[in-house]
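Student: Make a model of the complete structure from these sequences and hints.
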Amino acid sequence: MPRESLANKRSRVEGLIKALQATYPEAHCELHFENPLQLLIATILSAQCTDVQVNRVTESLFKRYKTAQDFAEAPLTELESAIRRIGLFRNKAKNIKACCQALIEDHGSQVPCSMDELIRLAGVGRKTANVVLGNAFNINHGVVVDTHVARLAARFKMSLAKTPEKIEQDLMKLVDREDWTLFSHWMIWHGRRRCAARNPDCENCEIKPLCPSAP
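For the sequence shown, this note's numbering assigns the number 144 to the initial residue and increments by one for each residue that follows.
No wet-lab data here; the hints were simulated from the structure. Since the model is a prediction, treat every value here as computed from it, not as a measurement. Any given hint could turn out to be false.
[Stated by the list, open to error] DSSO-like cross-link-like pairs, simulated, lysine-lysine; straight-line CA separation at most 30 Å:
1) LYS237 - LYS309
2) LYS206 - LYS237
3) LYS309 - LYS152
4) LYS300 - LYS152
5) LYS161 - LYS316
6) LYS240 - LYS209
7) LYS300 - LYS161
8) LYS305 - LYS316
9) LYS209 - LYS237
10) LYS351 - LYS161
11) LYS161 - LYS305
12) LYS206 - LYS161
Tutor: Here is the structure:
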């Protein structure tokens, strides 16, 4: 089978994006937050954990800790207890405390709005930084690649890469920059609502006519 040209792939992906946008016009970040710090903390907590579970924990967490200083000064055992229902809570508590100490020392207690500065913070990788930049600052620096985006990128034949970093680079070539943040939301919403890992609901899928993996 001949290799699909970039121009043809971009044209095909444009149709998929329009279908996803029409299907999920209200798509947004499903983590609950009111400011960049809350989104940063929630995204650190979301690693290998559902947004639903994170939102349950942060509902009380954000009432107790309101500033970077609150998190930085909290005893580690107290912070661990506050997020105990989250997977890997000990490591995440350690990262949140260190992250907020760095915010105080290096950024005037404010969350920075650049990729380079964000990924220097404890517990923050490129995916977390992209979430914060796109949703807290409206900066389209890259594409968030979580498990849903990675899975759908393969099923939609957008990327055959195996690592999030390489998948992101492939997607950035196919999707217009102004759509990068929303594109991730559309893909994540579809992954959660239709295109599950084990039993995708192809029969009722709104995107089926455009999906190269559809039966």
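Student: Where does the structure disagree with the numbered hints, that is, which hint numbers, in rising order?
Tutor: 12
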